[in-house]
Amino acid sequence: MQKTSHPTLFTPLKAGKAGLAVRRGLVFLGLLVLLVVGLTLGVGQGAVQIPALEVIRSMLGLQENPIITDMRLPRVLAALLVGAALGLSGAAFQGLFRNPLADPYLMGSAAGAAFGVTLAVSLAGGLTGAFAQHAVFDFLPVSATLFGFLGAVGAVFVVLLLSGGASRTHDLILAGVVVGSVLVSLTSYLMLQDADRVRAVFAYTLGNLAFISWQGVGSLALYLLLTLPIFWLLGRTLNALNLGEETARSLGLPLGQLKLLIIGAATLLTAAAVAQVGIIGFVGLVAPHALRRLIGGDYRYLLPASALGGAVLLVFADLLARTLIRPAELPVGILTTLLGGPFFLYLLWRGRRKG
Amino acid sequence: MTGKAQYTSVNAVDSALGSGLSVLGLSFSYRGRAVLNDINLELHPGEWLALLGPNGVGKSTLLRLMAGLLKPSVGEVRLGGERLERLSSWTLGQQIAFLPQNGGYPEDLTVEEVVSLGRIPHLGLLGRAGKADWEAVEWALQQTQVSGFRDRLLPTLSGGERQRVMLARALAARPQYLLLDEPTNHLDLHHQAEFICLLAGLRAQGIGTLTVLHDPNLARSADRVAFLSAGKLAALGTPREVLNQHLLQSAYGGWVRVHEVEGEPVVLLGG
Amino acid sequence: MKRSIWLLLLTLSFALLTSGLAQSFPRTLTDDLGRSVTLKAAPQRIVAMLPSVSETVCALNACGRLVGVDDFSDFPEQVRRLPKVGGYFNPNLEAILALKPDLVIVSVYGKLHEGLERAGVASFAVKPETYDDIFRTTRLLGRVLGLEAQAERLVAQIQREVYAVETRAAKATQRPTVYYEIDPTPYTVGPESFIGVLIAKARGQNIIPKELGSFPQISPELVVQKNPAIIVLTHPGAADLRKRAGWGNLRAVQANRICSFVGESDNLLSRPGPRVAQGLQLLVGCFHPNLR
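Residue numbers (the working numbering), protein chains in the order written: chain L, 1 to 355; chain X, 1001 to 1271; chain Y, 2001 to 2292.
Some hints here could point you the wrong way.
Residues on chain Y that point at chain L, a partial pick, calculated with CB under 7 Å [unchecked claim]:
1. Val2079
2. Gly2086
3. Asn2090
4. Thr2185
5. Ser2214
6. Ser2219
7. Arg2244
On the chain X side, residues computed to face chain L include the following (Cβ under 8 Å) [said to hold, decoys possible]:
8. Gly1093
9. Pro1100
10. Gly1104
11. Pro1106
12. Leu1189
Cβ-Cβ distance ranges computed for the label pairs, FRET-style [what the hints assert, rightly or not]:
13. L:Glu64 / Y:Asp2132: 53 to 59 Å
14. Y:Gly2034 / L:Leu41: 41 to 47 Å
15. L:Val182 / X:Thr1091: 43 to 49 Å
16. X:Asp1188 / L:Leu41: 53 to 59 Å
Think of the hints as simulated: they come from the structure by calculation, not from any bench. Backbone N, C-alpha and C fix where the C-beta goes; we use that ideal spot for every residue, glycine too.
With the rest of the complex left out, here is chain L (with noise of 0.2 Å):
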């Protein structure tokens, strides 16, 4: 009557509590160091070679080297900052709606910030020309950036306003894709009323961490530091939601300002992420999806195990899009889609043979 196969992806967890624990801290062990050496060969390689030794005089301050101190370092933790941000949505979201396919975008957040910069660079165009196409890259403050921040924020609303808050799951679901799809739209429209600049949108919808800035990195950071601590609170709570909503309620859990605290915390992220380096897929799916087999579902560890996780993939994600065929460059958001889909794949099927 006991099955004996095992979810897992590695070996059973029957060590115990101990063993858990030991698991648990060679995992996030790993992810450090898989962190650190993503970031080294971040900053020493890129588009360009740049002798080691220069690289660290650079950025002791000892040189002078624009390159690595104004372009592959804050592209390198930009890198790092976005992936732990879609890390952490996803997960959040992943537990939110019970559902391990879920990712960041799913409550439309990415049709959001994609129709807002469009309309942006629509306006734009309209407007002085020299405003904005850029800027959906970061250039200006204001701008393409901040209408990718509205249009995530303000689609991840609307579909909030559409299903009447945050208490039916499934309603959210539909919403988001019902307001996805509208928006999808609208932003196909918009881009063929402005053909010329088809492209710098198409371009951002596979994200691009080419030209973030140090202020870019700033804002991301902000962002994090400011949501950190909301999914610390999180945990739990996203813990008893793997019982029900009902059940959770009955813990005596305040359901329907949690779920909102949850929804806003990962839209923001995602919304501040997407507004900066454009729609990358993949990353805030396989992150969380990939730790939980290896260190369980208990969120106050998997949520942030999949910030470092997110981290540690899109800093290589990066760094390929970087050197695979430098010094030209690969759209990152393929590379996370070609890196993310075969693996993705793999566990579903191994999810069939078990079943």
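Once you've looked at the hints, dock chains X and Y against the given chain L.
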């Protein structure tokens, strides 16, 4: 702890209201449709009360109202004399544990992790689990006999084991009252018997248990049986009193027969 | 003996070839999709779906045969008055059919020709991308229109104009390094692309190595490393360049040698058509402002 079985259209009334988890003159409408009508009922500490009735009669709704998850349209639910609305959600969670019918189970938490979720009413959002919490978890694991696979993941368990784990989760809060919605659903005969046995054992712990049951025969070992029909409490009394052919036929239809086997009523289908 | 047979064969085939060229309609031509297209007569109701094709058809003095153009065709003046039938991404098949064309000249990209085929309307696909494509496409269109002689004259005229500008540029003493940005992704042009060839003819040095292909998306690090003397933009973002991380100290930015070609001047540079010499002139003026 007495109750008279009444089969008239008048609602049965519990005679000793006030000290336990009590339902007073409760009516509930959903989208303009009356679901429950003037229910009076009390769940006493240390009692096992079975709730029977045909499908869609409002059994689960009554359970949710008693857990404080729904608000009555008319009337009230009181816990130790205090209206549920006046108690904090954490207090409610500490006193009343609720196990829904299809709550689903976490696929990537170990048995122990799931059971310790039951301590949330005591811990709040951020509190750290202390000695008392681990003792309660341990006690719940022992009570339900699942401590042997505390480190296994839920999908690796059989349906019966999983249901015991979910019961342990509910018990871990060390509640005064336990509200279970068809806990034996989807269990085979052996596991049904095992689970019923377990519930009977909880009486000694002073826990009042209200169990919604589908199969009237499973209610035979309960202390009392409440029978809901058409939104009303049609009968309330001992199993012998409630499980009679007249009542069951009026609720389920003419093909229900109640036989007496070794002094106990047995409900059969067909004639 | 053998030699005379070879000579005979050669003259024969040459005769066939030239007669084939001069042969009147119906004629069968191979378009840039590799399809054989048979034209029963010289097309008189033409829809052009590329701006450079509209320009070429008009430069062949056949503007009167155009009955419709794509949304972006805007030169010469007569073209502006023609019905617009959609763009590259959203061609309006019904509007095209309503014009009852006897030939639609389409881009090799997109699926428009399939829709036209189903509707029973002849289409001819062209792919004007490189510098040499300008002349190849002009001659091809000449054969499509039955205007071979005009096409030869037009080719000669374009080459004469380009040569004149090139000769002037050759007087420049320096060959400044140039970074040419199409959009801020950043997309640029390789030396073997149409614009890449124009940059070389205007006596500039493209910083992009030819290994990267015609239209590579590059890393901004490369631009900072190469530190170009001149930046050419065909998008309206000149003011934003100095705000880009690490770009503030580029020679071109410091010296403010940024040429922004948008709108009409962008059209001159982005259309491999009969006005290529004017585009080249723009670049020469940008690279060598003192040359007059």
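Evaluation of the provided hints:
no.	hint	in the structure
1	Val2079	18 Å, violated
2	Gly2086	9 Å, violated
3	Asn2090	5 Å, holds
4	Thr2185	4 Å, holds
5	Ser2214	12 Å, violated
6	Ser2219	3 Å, holds
7	Arg2244	6 Å, holds
8	Gly1093	3 Å, holds
9	Pro1100	5 Å, holds
10	Gly1104	5 Å, holds
11	Pro1106	4 Å, holds
12	Leu1189	14 Å, violated
13	L:Glu64 / Y:Asp2132: 53 to 59 Å	44 Å, violated
14	Y:Gly2034 / L:Leu41: 41 to 47 Å	45 Å, holds
15	L:Val182 / X:Thr1091: 43 to 49 Å	44 Å, holds
16	X:Asp1188 / L:Leu41: 53 to 59 Å	57 Å, holds
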